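We have chain A already, so just place chain B on it with the hints.
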Amino acid sequence: MIAPLTMWDADASLGGRKVLDGADVQVEYGQLVALVGPNGAGKSCLIKAFVGLLELDGGVARLNGDDVRTLSPRERARRVAYLPQERHIAWNLPAVEVAALGAPFLSGAEALARAHAALAEVGIDHLADRGVAEMSGGERARVLLARALATDAPLLLADEPIAGLDPDAQRLVLERLRARADSGAGVLVSLHDLTLAAAVADRIVVLDQGQVVAHAPPMEALEPDVLRRVFGLDGRWIEGPDGPLLAARRVQ
Amino acid sequence: MSRTVRLCLILGLVCVAAVAAAVLLGETSFDGAQYAQAFGDPTSGPWEVFWQVRAPRAVCALIVGACLGLAGAVMQGLLRNPLADPGVLGVSATAALGAALAIVLGGAGVAGLVEMSALAGAVVAGGLLIVAAGLMRAPEALILFGVALSSFAGAATALIFNLSPSPIAQAEVMSWLLGSVQNRSWVDVAWVAPALVVAAVFAGLSAGGLRMLTLGDETAAASGLSMGRLRVFALIAAAVATGAAVAVAGVIGFVGLAAPHLVRAAARGDAGRILAPSALAGGLMLVVADLAARLTPTDQELKLGVFTALIGAPLFALIAWRAAREWRL
Numbered sequence: 001m002i003a004p005l006t007m008w009d010a011d012a013s014l015g016g017r018k019v020l021d022g023a024d025v026q027v028e029y030g031q032l033v034a035l036v037g038p039n040g041a042g043k044s045c046l047i048k049a050f051v052g053l054l055e056l057d058g059g060v061a062r063l064n065g066d067d068v069r070t071l072s073p074r075e076r077a078r079r080v081a082y083l084p085q086e087r088h089i090a091w092n093l094p095a096v097e098v099a100a101l102g103a104p105f106l107s108g109a110e111a112l113a114r115a116h117a118a119l120a121e122v123g124i125d126h127l128a129d130r131g132v133a134e135m136s137g138g139e140r141a142r143v144l145l146a147r148a149l150a151t152d153a154p155l156l157l158a159d160e161p162i163a164g165l166d167p168d169a170q171r172l173v174l175e176r177l178r179a180r181a182d183s184g185a186g187v188l189v190s191l192h193d194l195t196l197a198a199a200v201a202d203r204i205v206v207l208d209q210g211q212v213v214a215h216a217p218p219m220e221a222l223e224p225d226v227l228r229r230v231f232g233l234d235g236r237w238i239e240g241p242d243g244p245l246l247a248a249r250r251v252q
Numbered sequence: 253m254s255r256t257v258r259l260c261l262i263l264g265l266v267c268v269a270a271v272a273a274a275v276l277l278g279e280t281s282f283d284g285a286q287y288a289q290a291f292g293d294p295t296s297g298p299w300e301v302f303w304q305v306r307a308p309r310a311v312c313a314l315i316v317g318a319c320l321g322l323a324g325a326v327m328q329g330l331l332r333n334p335l336a337d338p339g340v341l342g343v344s345a346t347a348a349l350g351a352a353l354a355i356v357l358g359g360a361g362v363a364g365l366v367e368m369s370a371l372a373g374a375v376v377a378g379g380l381l382i383v384a385a386g387l388m389r390a391p392e393a394l395i396l397f398g399v400a401l402s403s404f405a406g407a408a409t410a411l412i413f414n415l416s417p418s419p420i421a422q423a424e425v426m427s428w429l430l431g432s433v434q435n436r437s438w439v440d441v442a443w444v445a446p447a448l449v450v451a452a453v454f455a456g457l458s459a460g461g462l463r464m465l466t467l468g469d470e471t472a473a474a475s476g477l478s479m480g481r482l483r484v485f486a487l488i489a490a491a492v493a494t495g496a497a498v499a500v501a502g503v504i505g506f507v508g509l510a511a512p513h514l515v516r517a518a519a520r521g522d523a524g525r526i527l528a529p530s531a532l533a534g535g536l537m538l539v540v541a542d543l544a545a546r547l548t549p550t551d552q553e554l555k556l557g558v559f560t561a562l563i564g565a566p567l568f569a570l571i572a573w574r575a576a577r578e579w580r581l
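Chains A and B are the protein sequences, given in the same order.
Heads up: the first sequence begins at 1 in the working numbering, then just goes up one per residue.
Heads up: the second sequence begins at 253 in the working numbering, then just goes up one per residue.
Among the hints, a few may not be true.
[To be verified] Where chain A lies over chain B, by a calculated footprint (3+ residues, C-beta under 8 angstroms):
id, stretch
1, 455 to 464
2, 468 to 476
[Claimed, not checked] Among the chain B residues that face chain A by a calculated CB cut under 7 angstroms, a handful are:
id, residue
3, R332
4, R520
5, G521
[To be verified] Short, incomplete list of chain A residues facing chain B, as computed with Cβ under 10 angstroms:
id, residue
6, K48
7, R76
8, Y82
9, D125
10, L127
11, A128
12, V132
13, L144
14, L196
These are calculated hints, taken from the structure and not from any lab test.
Predicted model, so just to flag it, every value in this text is computed and none were measured.
Positions of the beta carbon are idealized from the N, C-alpha and C atoms, including for glycine.
Next up, chain B with everything else stripped away, as it sits in the complex:
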């Protein structure tokens, strides 16, 4: 069994355990009889809490986290930069802009409109990045383009706040921007899961190119691989994964940046083989973070995006400090 398969199996098992814990644990505590009802009586309250509230929320967190972890690994491989994440190229910000626009225009009441609008924002960003990648081969140029795109989308979102006539809509946008998987249903899961599959297929197709890019653009260009096509596949994977994650859960930072670093040493630095483990690590991180946010005794539930950043940033600084010597030569 290869090292990567073994790593994925271990991470997969831990993910299953984390989702099980997220279904079994929560603010409401149950006794033995209620646990029995939760597993045996579909008309009971406990069954409702377990399978219609906690389970879709946990699975949603798993898939959103996997999308972010996958997008982060693709971005870091594509840009050969350990600091890259789904936000760096402006995909998250553009998706957020799409959602904010839909909310302010009254789309929150129409099922799926905000999500579709966020995804459309991500697709637009992805399209612009694909065009930019065709014109500029250096990763630094693509990063600068992405930073400009991100700043523009951020400014446009701020403008929407600025001009929004309704404080309620403003609050909705703000709440959404903070990121959460609260009250997500199986419908949301059905929505985001196919996007993860599509992103995973494109990421898989680009894996060889990402691995070759380890040696730089020139070596990759002369390697015989069709690097132009593989770059486009990588950008599609990152845009679809990020767009779907933002569409369902809002903006959740840090996971896409940190997940690849958690598994990089175990995957021996291979930018192609790190993709699946990064997705699993991202999913695991978000399930655990969401469970922790739910179990933290506060009057108002902590927003997942806030929680991941608060806990994750210091942890990431520690990881970065230990791993820094391995990143670049």
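Chain A with its partners taken away, still in its complex shape:
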């Protein structure tokens, strides 16, 4: 049985540089998979290939068994939600209107109801009517997460959703993504914080120069040799109050 989110032997290049090199990834329903790797490893490109924003030179990206290139935009959006790294919002819309953009095919009232539910899910329904220009970066990130959640798609891709957020907001965003996975969705999220990735993910995909160098449960994927080779870290995992913590220093 093929996993609902599957990439097989994917190659892609950007501006003459190879960004994906034979990448294989699978995400099952009910699973949260963290995608980690240094800057430029190809994490964003891998995610974009699943939503048709990056053309593969070879291999295939499948959603529920179908090649993403064969799906209409609407069918693709029905199957997968995408939360890009970019948090720029061009105009000062109220939060609820931004969240409602997650459901563009519903009637106005239904989309607003879905948007309010999604804002409540990320704990900011009380800010529903506030313009996004009057919000903090963390609040805006939550609004954009609510938009992705409002799609109600069974697969969710999030590209560095906690970058630039304070620790509390980081944990809240990851908790919400974890909750989505626990309620049956398949979630693929790219992260830089390895400790948080290990705490929240069922499996971790380690990407380096476009290649998948590990695809396993956290402790197995982020073993000392991978930490050294891929991240240049001399590290080990120690037991913390809420799970394993990475103690590491740069390899001299």
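Same frame as chain A, but now just chain B:
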């Protein structure tokens, strides 16, 4: 009643009042008996002034302003840029080039030829932009292409001036480029009104896409909407509206830039719902500006394009200063 419908109703009523004022007021003053004739005697002079001179001029200003306001709102939504206007992508300049060419080649004497030529220029620009939009997804790339198109069309218009053998034709082109709705008739209204309807239909079809573009190209592309098609609809709307406006009234700047900003806060920044209010605000602005230009006591009537820029630019700077913090995050 939704916020947008309420806003449109209010703007619509103010537009009606402004058109009524533009019909009732003018350089020539009338007494009570003459007002009565204007409304009761189709053979009288006052009737002629009211319904064959002032009314078509006011309605023409309303529709041209609506075209410019609509085109401005579409452009700003499409490019996610508060500084975009019908001129920024080169549609106005290319339409002006078409008209200038027709005038210099002696087409001014043939009814509708200058207008058709201006519209053809706008359609060519629209076609080039649609091709460019297919090749380059980033709005910045489209803006740069539009700036190049605008510069080229401007240079070509200057070349026409340069090579034109007749000073009369040069003066005609210059007068036309300054923008005006003076001496426009019901024929002009009949010409520009259907273009506004066509532009409004395409703008309406693109509204969902413009709203989604608020979150950026990537989110829009993954949203499930057919963004390629919606972009084309938006460009058709902007090109038809701008082309028709330039064809009938010449080049009138500022209205397309400012009208969306006048209503943006009331429409709560929604790039889709702002379209109709922007059209109404644009129409209102031009009717009021034309009335003010007519009532300003000068030897030679002020050109509308000059007037909107002179009055509008400082006003716009004030609006921009107050609204700047809401434009971008």
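Checked hints:
| no. | hint | in the structure |
| --- | --- | --- |
| 1 | 455 to 464 | holds (count 3) |
| 2 | 468 to 476 | holds (count 7) |
| 3 | R332 | holds (4 angstroms) |
| 4 | R520 | holds (6 angstroms) |
| 5 | G521 | holds (4 angstroms) |
| 6 | K48 | holds (8 angstroms) |
| 7 | R76 | holds (7 angstroms) |
| 8 | Y82 | holds (4 angstroms) |
| 9 | D125 | violated (18 angstroms) |
| 10 | L127 | violated (15 angstroms) |
| 11 | A128 | violated (12 angstroms) |
| 12 | V132 | holds (7 angstroms) |
| 13 | L144 | holds (8 angstroms) |
| 14 | L196 | violated (24 angstroms) |
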